[in-house]
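*Asks:* Below, each chain spelled out in residue letters.
2 protein chains.
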Amino acid sequence: MKALEQRILKEGKCLPGGTLKVDSFINQQMDPMLMESIAEEFSHIFSDSGINKILTIESGGIAPAIMTGWKMKVPVVFAKKSLPSTMENILSTTIFSFTKNREYEVYVSRDYLHEGDRVLFIDDFLANANAAKGIIDLIHQAGAELTGMGFLIEKAFQHGRGPLEKAGIRVESLAVIESLDGCRIRFQNE
Amino acid sequence: MKALEQRILKEGKCLPGGTLKVDSFINQQMDPMLMESIAEEFSHIFSDSGINKILTIESGGIAPAIMTGWKMKVPVVFAKKSLPSTMENILSTTIFSFTKNREYEVYVSRDYLHEGDRVLFIDDFLANANAAKGIIDLIHQAGAELTGMGFLIEKAFQHGRGPLEKAGIRVESLAVIESLDGCRIRFQNE
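Listed in order, the protein sequences are those of chains A and B.
Residue numbers in the first sequence follow numbering that gives the first Met the number 0, run continuously in steps of one, and reach 189 at the last position.
Residue numbers in the second sequence follow numbering that gives the first Met the number 0, run continuously in steps of one, and reach 189 at the last position.
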């Protein structure tokens with residue numbers, strides 16, 4: 000997606016260790032107009048997938064997910080990183096965060112993710128796919144069906160796509176970064 | 000806002016201790032079509048306020064904030080509940096959570112909240128206004144100007160509005176709950 004790539008080139012900051020900081024338009028300050036274009040793109044890409052629900056994880060995925068849900072006219076469910084005292088019928092899984100070097104739990108209620116659901120997962124980043132694997136586990140526990148995964152930015156050099164595609168999952172990323180070597184942002188197929 | 004009130008009556012669950020659970024359309028599963036109506040309403044209410052930015056707190060406020068930002072064509076910034084290792088120029092404040100009975104910190108970067116900003120704060124709930132007071136502190140630290148606060152649901156019986164209005168802040172809530180006594184949801188001016 001050209002508009003996203005251009006924005007990454009213009010405002011993205013590359014930090015040592017393969018970190019790409021996109022705080023000015025995605026991760027802390029969000030550009031709603033860009034989010035709408037992103038949602039339009041996901042809605043187009045997954046138009047034939049027959050989904051009835053979008054799933055994401057707080058907080059990075061919520062904005063693109065809600066706008067994609069609006070475009071596709073389906074509800075959006077988000078997995079939580081802390082367990083609300085009022086949650087019932089809890090499903091949970093453990094995710095290892097590479098960035099924070101620790102494990103964390105995510106929770107979703109079976110009331111909103113269950114058998115019969117055809118789910119599109121939306122998130123901001125695909126890196127080593129640890130979060131994505133946790134989501135697959137949650138969807139499996141719920142007895143729901145995963146129809147695809149859509150990411151705003153994929154860091155191809157962290158190899159998350161391989162295991163997902165091996166598991167038969169359709170993976171679509173709007174901007175695929177081949178390398179951040181020498182703090183130069185290089186997209187795939189450049 | 001009639002559509003929101005009707006949805007609360009239909010799907011809201013009242014729990015002991017004055018808790019209103021709206022997990023099926025706001026707090027875990029979100030209805031994007033309702034969020035768009037909410038955003039339209041906020042956009043109308045605050046159309047004359049000359050804002051250049053919307054501020055919210057993760058995670059409950061993100062969905063209504065991003066859609067309102069889209070309607071009003073302004074960026075949306077969210078205060079974070081955990082400190083990202085890459086955040087610079089950090090502003091922080093402490094909020095006491097009545098629901099969880101503990102304090103937590105929220106963080107925002109001065110890069111995205113600063114002097115000259117005219118800010119609309121959007122959040123899901125107004126209860127005792129503890130989060131709102133933290134936000135006022137952050138905006139004050141940043142040297143920005145708060146032009147108003149918009150909430151989806153106000154629990155009037157927890158008296159958060161008083162201190163905010165006393166501080167000269169414009170407070171607008173789309174559904175105001177007068178009482179949950181006996182687990183009956185009663186709106187103001189019914």
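Read the hints as simulated data drawn from the structure, not as lab findings.
Take these hints with a grain of salt, some might be off.
The list makes no distinction among identical chains, and a pair is therefore deemed to hold if it is satisfied within one copy or across any two copies.
[Unchecked claim] With a Cα cut of at most 25 Å, we get these calculated BS3-like pairs of lysine-lysine: (1) Lys12 to Lys79; (2) Lys1 to Lys70; (3) Lys132 to Lys99; (4) Lys72 to Lys9; (5) Lys72 to Lys20; (6) Lys99 to Lys1; (7) Lys72 to Lys165; (8) Lys1 to Lys79; (9) Lys12 to Lys99; (10) Lys20 to Lys80; (11) Lys99 to Lys80; (12) Lys20 to Lys79.
*Asks:* Hints the structure violates: just list their numbers, smallest first.
*Replies:* 6, 7 and 8
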